[in-house]
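Novice: Each chain, written out:
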Amino acid sequence: MESTIPLSFDRITARKAVQAERRRSMLIDLGVTLATIIAALLMGFIVIALLGKDPFLAYEALLTGPITRLGRTGRWLELATNLILVGLGVSIAFRARQFSLGGQGQMVAGAIVAALIAIYVPLPPLLGVLIPIAAAMVTGFLLGLLPGVMKAYLRANEIVSTLMLNAIVLRLYDYVLTFHLKPEGSATTRSLPVQPTAQLPTFYELFGVDLGRFNLGVILVVLGAIGVWLLLERTPFGFAIRAIGANEQFARYGGIDTRRVIMLAFAAGGAVSALAGVHLLLGVHRRLFLDFVGNIGWDGITVALLARNNPLLVPLSGLFYAYLLVGGDRVEQQAQVGSELVQVIQAVIILLITAQVLGDWIRARRARTQAEE
Amino acid sequence: MPSPLLVPMSQNTPYIVEMRDISKVYPNGVRANDHVTFAVRPREIHALVGENGAGKSTLMKILYGMERPSSGQIFVRGKPVSIHSPHEAIALGIGMVHQNFMLVPSFTIAENVVLGAEPVRRRLLDYKAAVAITRQLSAQYGLEVDPEAPVEAVPVGMRQRVEILKALYRGADVLILDEPTAVLTPQETHELFTAIRQLVQSGKTVIFISHKLREVKEISDRVSVMRNARLVDTVDTAAVTEEQLARMMVGREVFLHVDKAPLRRGEPVLQVRSLEYVTEAGVETLKGVSFNVHEGEILGVAGVEGNGQTELVEVIAGLRPATAGQVLLCGQDITNASPRQVRQAGVAHIPEDRLTNGAALSMSIAENLIVDRYERPPFTRGGLLQPTAIKENAEWLIEQFAIRAPDGDVPVGSLSGGNMQKVVLARELSAQPKLLIAAQPTRGVDIGASEFIYEQLVRARDNGVAVLLVSADLSEVLSLADRILVMKDGQITAVFDNTPSLTEEEIGYYMLGVKRMSAEAIAARA
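Residue numbers (my numbering), protein chains in the order written: chain A, 7 to 379; chain B, 516 to 1041.
The following block holds chain A by itself, in its conformation from the complex (with noise of 0.2 Å):
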């Protein structure tokens, strides 16, 4: 075929400029990344000495308090191990443009179903782990299909019905817990122990290094990162979910069954999210009680929101935001400075962070409208 393009284009000169572009472009995603972070920070350092405390003694305890004691290094990792995977999960769904915000219920159903099986079926080591497990996670697919089907066949609007969702599965679990699984006599809402094979195991308990609760679970987190990642990027559902995320007319204009691939794209992220729930029951507390996921399943969110819903950034972005939670604790313990405050320069952080990803938005339009001009 003979091409009827001006020969003046030259492709190899474009292609290095593209790529010297998409390097510098890289470098400078980095840069405003860091900027953004120390231009929090400091914002955060004239507050706290507008109100007449000691911005370097708070501070002190923000950037050190999760290394300098093992055991708090231990609740950071810990702590991240639970955001993470609900961020993978609810990564999952925001990638084909669905705001499922089910995660808290998806991690809470999925810890109930384990810990049926986990506190009162004995079986051997290994399988003890792997099958509470998987049962959270068929659980957790089940509960993300059914808002899934909902928005994909009924038009429901996915954030009412995840909410709603929610509601439901933690009131359910609170009355499952006082009524059934609460041992009679005891005095506090609590469940049994999990049985000892069903334990993961913590470092402690391994090597003897004290970092608190932290425990085999964080090998979920590496599965989950690369399952995710190999599951958007490198299968044809994967695919399916990005086209309907980028363009959900295309998508079915190209021939993609949209319905169904949204329906399993809310599953997929339940049976993802739900991982955070057994590694909570398995790995953190070994037994259920009441307001057992606290505020995980909406920081999970956050979390996929600062890794853009990037898998493989996932994981850094529940460190950084655990390592602010941990350190903000801290701060309250040292400086004398109130938790709400803490929630102010942790949600300036996020602000300015998420800003950049209107950055980066801003940018792809701009490009866009060049492209059209």
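Some hints could be false.
[Stated by the list, open to error] Here are some chain B residues the structure puts well away from chain A; computed CB gaps all over 10 Å:
no.	residue
1	Arg535
2	Arg583
3	Phe1011
[Said to hold, decoys possible] Derived lysine to aspartate or glutamate pairs resembling DMTMM-like cross-links, with alpha carbons at most 20 Å apart:
no.	chain 1	residue 1	chain 2	residue 2
4	B	Lys775	B	Glu970
5	B	Lys906	A	Glu239
6	B	Lys732	B	Asp988
7	A	Lys22	B	Asp924
8	B	Lys1003	B	Glu1020
9	B	Lys1030	B	Asp1004
10	B	Lys906	B	Glu890
11	A	Lys22	B	Glu910
12	B	Lys949	B	Asp848
13	B	Lys775	B	Asp977
14	B	Lys1003	B	Asp988
15	A	Lys22	B	Glu907
16	B	Lys732	B	Glu1019
17	B	Lys949	B	Asp977
18	A	Lys22	B	Asp922
19	A	Lys22	B	Glu914
20	B	Lys775	B	Asp988
21	B	Lys906	B	Asp924
Please keep in mind that the hints were generated in silico from the structure rather than gathered at the bench. Note that beta-carbon positions come from the ideal geometry of N, C-alpha and C, so glycine has one too.
We have chain A already, so just place chain B on it with the hints.
Specialist: Only chain B this time, still in chain A's reference frame:
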């Protein structure tokens, strides 16, 4: 700061607008304007032509205050100015009519004309005054509109006149018209040209951006040609031929006619039987449409946009459900099949709106090229995508379709309109379809790419593909189609064999509903 010596006195300049040595470099390094000097005389019709991506829109956006130049100066009536916003441009008497109209559909024409600068009485909109103003402007410039009709109820041609009136109401002396004829029928284009001439007679200046050289020849006094971010030349229109202009635009000879092998019509591939489509809102947009497309022929569908063509294409492609009737592909019933089933039956589809349907701008070229086949070998094997196969496919198609891109990894959104369309074309043709639906295949595409797309469509036809071409550009239909079908109000009103004696005007009568063939004549030919 410019040296005062370089600033001409307002009396000495022959130009109403002069853009001097304008460069525009975007933050990502793209140079859209490269030392462009562009000058417009008062009361002239000045055409600005160039391929997509040549920089004409950027230049006009700079003049209209939507973009800031990286360097260079702008003079209006000889005075140096810097224009920071459309608001300031309007204050300087510069108005722009965009390709996509910026009107409020539910407002009346009069309300739209005065919107943003409303006549007020007791702090409320003085609607009577708005109507009177619109009437008066309409009469003064020969731009016929119905001031009290809501914009959504009037045809495209009238909406365009509303846009022009809006600019005039704000005191525009210089009117920039961005591809104004793209959406018009030949008759409407004719009316627009009459109006433009009248505007110039009453002292206005018009800058006319276009791809269509024939129109440029017809309407303009002078023409500036842009290529690759530079202004190639400004010449008197009378002194150049269409071919010379085309050569200036692309830097080489172009052949605007299409070489076609003699028609070898085979079996019917697509059979559409009494197709009906009613929108969710209850509007009947297809009313009993029946026709065939045969192997090795191009069937052109002409018609003013919005007469059912879009729905026809989307129903066939499986994107909308038919209300009644049948669609057969090589005898197989594909009525209301899913888009994937339709594609697997052998239908390829170049969609009308490539930005919404045809491409995912943030995805790479390579990914866009496999959206219809990503889950099949060689792109997926053993449940996993094969990056090497995907990359090789992209490299091969980029080469074959002369897509101007450094590699398959660049996002489609960074390509020019013509190259974006080539990505779509490459995907659809490489699917080796039995039926190719091409809806507005060259809209917003430059001459070089249009010519390439024509060649590809004709080549597909010569290889025995049935081609259904839907286009609002009559000259495109006339130069490509073997048969032409005219749609009006969701019905077929005429079917012609494309003979040399068939004229745009004749087809235009059927498009506007002035004439229509008998049902028997249509049935016999469709």
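Novice: All hints, please: hold or fail.
Specialist: Verification of the hints:
no. : hint                    : verdict
1   : Arg535                  : holds (21 Å)
2   : Arg583                  : holds (13 Å)
3   : Phe1011                 : holds (30 Å)
4   : Lys775/B <-> Glu970/B   : holds (9 Å)
5   : Lys906/B <-> Glu239/A   : holds (14 Å)
6   : Lys732/B <-> Asp988/B   : holds (17 Å)
7   : Lys22/A <-> Asp924/B    : holds (13 Å)
8   : Lys1003/B <-> Glu1020/B : holds (15 Å)
9   : Lys1030/B <-> Asp1004/B : holds (13 Å)
10  : Lys906/B <-> Glu890/B   : holds (15 Å)
11  : Lys22/A <-> Glu910/B    : holds (16 Å)
12  : Lys949/B <-> Asp848/B   : holds (15 Å)
13  : Lys775/B <-> Asp977/B   : holds (8 Å)
14  : Lys1003/B <-> Asp988/B  : holds (15 Å)
15  : Lys22/A <-> Glu907/B    : holds (19 Å)
16  : Lys732/B <-> Glu1019/B  : holds (17 Å)
17  : Lys949/B <-> Asp977/B   : holds (12 Å)
18  : Lys22/A <-> Asp922/B    : holds (10 Å)
19  : Lys22/A <-> Glu914/B    : holds (18 Å)
20  : Lys775/B <-> Asp988/B   : holds (19 Å)
21  : Lys906/B <-> Asp924/B   : holds (8 Å)
Comparing the model with each numbered hint stated earlier shows that all of them hold.
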